[in-house]
Amino acid sequence: MSRRYDTKTTIFSPEGRLYQVEYAMEAIRHAGSAVGILATDGVILATEKRVVSPLLDQSIISKTEISNSEKLYKIDSHLVCAVAGITSDANTLINISRMTCQRHTYTYGQKMPIEQLVRRVCDIKQGYTQYGGLRPFGVSFLFAGYDKDFGFQLYLADPSGNYSGWKAVAIGTNHNSATSMLRSEFKINKEQTGDNIEGTKELNLKEATKLVVKVLAKTMDSTSLTSEKLEFSFVKKVDGKIVTEILSPKKVDELLKEHKDVIEED
Amino acid sequence: MSKKLNFLESSFCKVLRPPQLNLRIIKPSSMAVFAFVLFALFIVFAGVIYDLIVEPPSIGVEYVSIFQYNGSTIVAMAGKNCVAIAGDTRFGVRNQTVALDSNRIFKINNRTLFGMTGLNTDILTLRESFKFQMNLYNLEEEREISPKTFAHNVAQTLYSKRFGPYFITPIIAGLEGEDYTPFLCATDLIGAMEFPKSFVVAGTGEESLMGVCETFYKENMEPDELFEVISQCLLAAVDRDALSGWGSVVHVLTKDGITTKRLRTRKD
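Residue numbers (full-length UniProt numbering), protein chains in the order written: chain L, 1 to 266; chain S, 1 to 268.
Hints were generated in silico from the structure; no laboratory data involved. Certain hints may be false.
Said to hold, decoys possible - When the alpha-carbon atoms are kept at most 25 angstroms apart in a straight line, the in silico BS3-like pairs for lysine-lysine are as follows: (1) K237/L with K257/L; (2) K187/L with K206/L; (3) K161/S with K74/L; (4) K260/L with K250/L; (5) K201/L with K218/L; (6) K74/L with K201/L; (7) K206/L with K260/L; (8) K241/L with K167/L; (9) K107/S with K241/L; (10) K107/S with K111/L; (11) K107/S with K27/S; (12) K201/L with K214/L; (13) K131/S with K236/L; (14) K241/L with K161/S; (15) K111/L with K131/S; (16) K107/S with K237/L; (17) K237/L with K148/S; (18) K229/L with K218/L; (19) K131/S with K107/S; (20) K148/S with K255/S; (21) K148/L with K131/S; (22) K218/L with K241/L; (23) K131/S with K255/S; (24) K210/L with K257/L; (25) K255/S with K267/S; (26) K74/L with K131/S; (27) K74/L with K148/L.
None of these values were measured; they are calculated from a predicted model.
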């Protein structure tokens, strides 16, 4: 029945749904997972690699500083993003984001505010769901960054062009179980706040990292957590300056060793 | 009736006198008129009136070219596995000095320094433009740009404005490659590159600089000696140039990093 209404983005179905956009979101659900947590002193993003093969040429990592990231990209010196979905679609949007940030800096002499960048990317994505006759981008982004007006922020931008700010979010495979785990960790009971309202915990970056590792350990398909399968990235303040770092495989291994008690809990 | 007039005549007219206009009715000859018109046209078309109106004779001229509107001087020298680049810090508008701390030499990365002389607004705009391009380069290539590549980028950016150029003279100084070979490059305002091995000068004080650098430069100088030589050369030149001076800054780039020192020049 939906066959008639799903071949074009420019048609609504009788139930008022845009099938192409929904199918795009479906593409994300089968992609490698990505988790992001907003802490009081930083943001952490972690992703699970999909293309892991010994035949991949990794020699360039040892020679230079180039990061081997499959799903994490630096947009500017204060902004990093994680990708879930079709990588080539993501590359186009990442190029656009990078240019947008530089153009803002050229015009205004300051770093682009995070929400403005996210809105710009989402407006482009929305355009592809309404006119042009082109298919939507099959990518969801997790944008993590810092600006001086609103501090550390974490946003999720999905293929429909919607975005929202999150304290913790998971996308990709097994995102339901990851999200429920995050929710239970963040929830503070009514008794504890003493306010009779349910609140959310405030984590610092170290606790957030621990939580991310725990969530990934539970929700990932593979048994072992190594730098082969995982990537991490931080946005934090070091000596008063904002630093965005996509961890090299060596540093990922160190981090996983540090938190291995959490992994081996179960 | 005549009695009344007689009265007027007798009292007022005796005091008031009509002026003595010894008017002669001039009737010039046609040749004379022709000569007069010809002379008038001559002084108009020959530009005498134009010159008197546009540029009244004065002592000296405000500026001859747009490069003298702000005025600045920069010099770069190569030593042994090191380069130094020095420049003045005056920001002026014609003969009026406005600021003493305008920076014309910018760090592109740990291996490359980039200085510009000429029109200050173009210097500032191009600084932002190159920051833009370098940020994108770093994000996409995930490495730092080499000085030679950056020099080509500068030349291309300047040539893209071939028929409405930026009025600057850029100098690129850096250390190229694994063995940190000194690299110097200067281009003109539309991107004609030149790669000298010894030193390069630019700005309103370039003529004095050329002479003094030629005298004091020698090859394979160590960083300390290079700093001394380039400082003395710059000071000698800016002290002689009306449009440069009011403070100077010297950067020495070696493989261990960049050392920056400020020197006192004549404050005039």
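Do the hints match the structure? See the list:
Under the criterion of a C-alpha separation no larger than 25 angstroms, the hint pairing K237/L with K257/L is consistent with the structure, at around 23 angstroms. Of the pairs offered as hints, the one joining K187/L and K206/L holds, with about 18 angstroms between alpha carbons and a cut-off of 25 angstroms not exceeded. With a C-alpha separation of about 31 angstroms, the suggested pair K161/S and K74/L falls outside the 25 angstroms cut-off, and the hint is violated. For the suggested pair K260/L and K250/L, the alpha carbons sit about 15 angstroms apart, so the restraint of at most 25 angstroms is met.
Restraint check for K201/L and K218/L: the C-alpha separation of about 21 angstroms stays at or below 25 angstroms, so the hint holds. Simply put, K74/L and K201/L have alpha-carbon atoms about 28 angstroms apart, too far for the 25 angstroms limit, and the pair is violated. For the proposed pair K206/L and K260/L, the alpha carbon gap of about 14 angstroms is at most 25 angstroms, so the pair holds. Distance hint between K241/L and K167/L is fulfilled; the C-alpha atoms sit about 22 angstroms from each other, no more than 25 angstroms.
With a C-alpha separation of about 19 angstroms, the suggested pair K107/S and K241/L falls inside the 25 angstroms cut-off, and the hint holds. Annotation: proposed proximity of K107/S to K111/L holds, straight-line Cα distance about 19 angstroms (limit 25 angstroms). A hinted pair counts as satisfied when its Cα atoms are at most 25 angstroms apart, and K107/S with K27/S does not qualify at roughly 80 angstroms. Restraint check for K201/L and K214/L: satisfied, since their Cα atoms lie roughly 17 angstroms apart, inside the 25 angstroms limit.
Taking the CA atoms of K131/S and K236/L, the gap is near 23 angstroms; set against the 25 angstroms cutoff, the hint holds. Between K241/L and K161/S, the direct Cα distance comes to roughly 37 angstroms. Violation of the 25 angstroms bound is thereby established for this hinted pair. This hinted pair checks out: K111/L and K131/S have alpha carbons roughly 12 angstroms apart, not beyond 25 angstroms. With a C-alpha separation of about 23 angstroms, the suggested pair K107/S and K237/L falls inside the 25 angstroms cut-off, and the hint holds.
Among the hinted pairs, K237/L with K148/S is inconsistent with the structure: their alpha-carbon atoms are about 34 angstroms apart, more than 25 angstroms. For the suggested pair K229/L and K218/L, the alpha carbons sit about 14 angstroms apart, so the restraint of at most 25 angstroms is met. The suggested pairing of K131/S with K107/S holds, with an alpha-carbon distance near 10 angstroms, which does not exceed 25 angstroms. A threshold of 25 angstroms between alpha carbons decides the hint, and for K148/S with K255/S the separation of about 16 angstroms falls inside it, so the pair holds.
Our distance criterion of 25 angstroms between C-alpha atoms is met by K148/L and K131/S, whose separation comes to about 21 angstroms. Taken as a hint, the K218/L and K241/L pair is broken in the structure, with Cα atoms around 34 angstroms apart against an allowance of 25 angstroms. Among the hinted pairs, K131/S with K255/S is consistent with the structure: their alpha-carbon atoms are about 22 angstroms apart, no more than 25 angstroms. Taking the CA atoms of K210/L and K257/L, the gap is near 11 angstroms; set against the 25 angstroms cutoff, the hint holds.
For a cut-off of 25 angstroms, the pair hint linking K255/S to K267/S is broken: about 34 angstroms separates their Cα positions. For the given pair, K74/L sits about 17 angstroms from K131/S by alpha-carbon distance, which is consistent with the 25 angstroms threshold. Between K74/L and K148/L the CA atoms are separated by roughly 19 angstroms; this keeps the pair inside 25 angstroms, and the hint holds.
In the structure shown, a violation is registered for the earlier hints numbered 3, 6, 11, 14, 17, 22 and 25, in ascending order.
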